[in-house]
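If you're matching them up, the sequences are chains A and B in order.
Sequence positions in the first sequence follow my numbering and run 10 to 478.
Sequence positions in the second sequence follow my numbering and run 10 to 478.
Keep in mind that a hint or two might mislead.
Said to hold, decoys possible - Result set (DMTMM-like, lysine to aspartate or glutamate): computed pairs, CA atoms no more than 25 Å apart in a straight line:
id, chain 1, residue 1, chain 2, residue 2
1, B, K43, A, E335
2, A, K183, B, D233
3, B, K418, A, E335
4, B, K418, B, E197
5, A, K183, B, D216
6, A, K436, A, D399
7, A, K43, B, D233
Unchecked claim - To list a few chain A residues with every Cβ distance to chain B over 10 Å, as calculated:
id, residue
8, L74
9, S105
10, D314
Unchecked claim - Partner residues are not named here, just some residues of chain A that face chain B (Cβ under 7 Å, in silico):
id, residue
11, S35
12, P37
13, Q41
14, G136
15, G182
16, T442
17, L444
18, D445
Just so you know, these hints were derived from the structure itself, not from any lab.
Even for Gly, the Cβ is constructed at its ideal location relative to N, Cα and C.
Number of protein chains: 2
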Amino acid sequence: MTPEEFRAHGYAVIDWIADYQARVASFPVLSQVKPGEIRAGLPDAAPEAGEPFERLLADLDEKILPGITHWQSPHFYAYFPANASGPAILGDLLSSGLGVQGMLWATSPACTELETLVMDWLVELLGLPAAFLSTNAGGGVIQDTASSAVLSAMLAGREQATGFATNERGCDGKLTVYTSRHAHSSIEKAAKIAGIGRAQVRLIEVDGTFAMRPDVLEAQIAEDRAAGFTPCFVAASVGTTSSTAIDPVPAIGAICRREGIWFHVDAAMAGTAALCPEFRWIHVGLELADSYCFNPHKWMLTNFDCSAFFVRDRSALIDTFSILPEYLRNQASATGQVIDYRDWHIQLGRRFRALKLWFVLRYYGTEGLRAYVRGHVDAARAFAGWVEADDAFELAAPAPLNLVCFRLKGGDTLNQRLLEALNASGKIYLTHTRLDRKYTLRLCVGQTHTTIDHVETAWRLIRETAGGL
Amino acid sequence: MTPEEFRAHGYAVIDWIADYQARVASFPVLSQVKPGEIRAGLPDAAPEAGEPFERLLADLDEKILPGITHWQSPHFYAYFPANASGPAILGDLLSSGLGVQGMLWATSPACTELETLVMDWLVELLGLPAAFLSTNAGGGVIQDTASSAVLSAMLAGREQATGFATNERGCDGKLTVYTSRHAHSSIEKAAKIAGIGRAQVRLIEVDGTFAMRPDVLEAQIAEDRAAGFTPCFVAASVGTTSSTAIDPVPAIGAICRREGIWFHVDAAMAGTAALCPEFRWIHVGLELADSYCFNPHKWMLTNFDCSAFFVRDRSALIDTFSILPEYLRNQASATGQVIDYRDWHIQLGRRFRALKLWFVLRYYGTEGLRAYVRGHVDAARAFAGWVEADDAFELAAPAPLNLVCFRLKGGDTLNQRLLEALNASGKIYLTHTRLDRKYTLRLCVGQTHTTIDHVETAWRLIRETAGGL
């Protein structure tokens, strides 16, 4: 494809996306296809001869679009959002066009230095501890997902607890890690990957707000030490997936400091709220954390993937991951004056993800981003108010930010039927969880273009649908 | 950014990339900036108010471009390529525009089903074992990098060897893994991450072609078993990073079958060659492998990230990774009729990477892709011939595909000076390795637009530069 062909086809793709953005609210949010239906519409083998680009775009409309669940629809309230925006998409496009590998500083200095800069910007923007700045002993790196970030943090904690002997000799089956019973499944997954083992993951009991109980954590650590285990990692959630419960970071952090245990704080979705000074309370105590992560690709208008991971001591992370084969040696790395981000995560290769984040932060400015966050929180709070005011419904958990957990009074089956009816309508998409063992609907307001009007429409639909059950 | 604003800015970005493609050959390949120079040109803090999009694009030219090492220049011969193409970039752009999460089938059925389909296409296109087809017991998944793929494979091997007890109780310090002394550093990194430990990585000696010696492997396994270790994973390289050495897969595979050890084959760069029937010999014996990986993002015109990972028994992989919290439960998954790719890798979230691969396979067709591979191999072979014919130079290793390892006769210092002079010229970019302990230059032909004419120019420059030392 020549540059001129690229230009012509590129315009067509830009048109396709602009048109998609304009019509996305009109599609059924949750794809209504049956298993196997999309594949059945496509040929079994790749073509021997090339096909015209126009045919690919036509197939996208005809063959692929029916199988899309529209995460960018303003009617999307499921899971946590994975929102996006024009400047992010275009920054990401430029990253694809440049096609650089940022594994080492030398393999594209701008890829590394812009990333370090925007990570430092985020520290200021969210009011994070200054220890996370690259100009201090810490630093930030863009990871793909919070799952990878928590794994990286756990590995650093594992090595710190064992004097870097585990990297050398392997795990011994006696390391323990701690998180709440409501924490994300990625923590258990990381413990399996890291060779620590699921049986050594202590799921600490929660209080009435679904937040971790520090007293139980402390007792469990003491019990484990007495039994000969080596506690190496604690993860607190600032905004659990089920209900945006916020663990008591100051109390947990104090325990970790006293015990010398690596303390990670996962604010994957909720962290973005800290753009607004009035929501910074979610990060109280964060100065006690060894590492922290939030995902601009969830709620900060930056398309997937972009998970912002920070550490207060970058040497602990680098010492955990670093390996230097001959074919990666270079003068710049040898000077020690540069960051080689390959030593900050699992992967070696990495794309220029800082570009899209830089574009978002500059195009919207901090003011612009705050307006989105406030709009979403206001809409969620309004929704929570409507739920509370309606006798047929109840709130299932506190709604501190943009997620509302609620139920129709009347039991699990009824609520399950309500969810299925809503999602089958194609008009909105919600998902569920269990709180206090009860089936609970979740409505998370976070798609870029979702406004209080959309949420009001959703509430009307939920009431009507419930009424018809 | 409204759809109409997106359209206008999108055209500008497409223009920028088309222009970049047209002029990329004219830039210094290796960025000539000093550490800190790019960051010093940028503001220390994010802007409070938003900025016009035009200013972002202008800054890309002025502030970022000097810090770019041009991986998409036809004069790029360093490392392994990370090539790209118009249809890949535009497919990836559509993925950003759709902004879906493919963690579960239900979260976008087309994202999963298209991925399964194109992975099956690749099995046919490369002549891979039918066991890797999703229609049999195996299947393919797109991972981000070969580092993540080898980690996934190692974890599956670890669990298979211990009856899935390691996931539960953690590693015991007695698992061993095997690869050649010339294998990629990602294998050692994976062993550290997986809690197996670097001391339990057996780096098997190589023969005169830098390929693993199966007799040494077999003896080492026997020795380890006798010493109470549990061998759980062997990785063979089809095309090592240093010299594209090809391990004897049939012999290694036979040992692994006999010993019941998970056998992974890493063909990250070289695998693409198998598009051409005349290069399929690189995969002889692959039917003995439990898993296999090659990176379309290296040599198959598909921009980063896109690593194609295959297993012959998908249940072993899924059983290794699967965790099912309430908030991810859904009807489609419960039926068991669908693939949920989150259980095939480290991460939970995943983007729609199959789109770009689908676009590449269809736009070029198999014939078109083969022509690229053949052009690169022919150019590399011509280069190897020129090196051999020149008394001042010598080949340092066999050059079976598109990588040529060579030296100026005269010692390490001279070759290091030659490399530095070439890279400082900005006209080409090469990297080095060590073979038989000797400093060796590597020239890998793989950028999409590199032709034999470029390689001839490179050879002239190398001779002239060497002559001037």
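The hints, checked one at a time:
{"no.": "1", "hint": "B:K43 <-> A:E335", "verdict": "holds, 22 Å"}
{"no.": "2", "hint": "A:K183 <-> B:D233", "verdict": "holds, 23 Å"}
{"no.": "3", "hint": "B:K418 <-> A:E335", "verdict": "holds, 20 Å"}
{"no.": "4", "hint": "B:K418 <-> B:E197", "verdict": "violated, 33 Å"}
{"no.": "5", "hint": "A:K183 <-> B:D216", "verdict": "violated, 40 Å"}
{"no.": "6", "hint": "A:K436 <-> A:D399", "verdict": "holds, 22 Å"}
{"no.": "7", "hint": "A:K43 <-> B:D233", "verdict": "violated, 50 Å"}
{"no.": "8", "hint": "L74", "verdict": "violated, 8 Å"}
{"no.": "9", "hint": "S105", "verdict": "violated, 5 Å"}
{"no.": "10", "hint": "D314", "verdict": "violated, 6 Å"}
{"no.": "11", "hint": "S35", "verdict": "violated, 13 Å"}
{"no.": "12", "hint": "P37", "verdict": "violated, 12 Å"}
{"no.": "13", "hint": "Q41", "verdict": "violated, 9 Å"}
{"no.": "14", "hint": "G136", "verdict": "violated, 13 Å"}
{"no.": "15", "hint": "G182", "verdict": "holds, 4 Å"}
{"no.": "16", "hint": "T442", "verdict": "holds, 5 Å"}
{"no.": "17", "hint": "L444", "verdict": "violated, 9 Å"}
{"no.": "18", "hint": "D445", "verdict": "violated, 12 Å"}
When each numbered hint is compared with the structure, violations occur for hints 4, 5, 7, 8, 9, 10, 11, 12, 13, 14, 17, 18.
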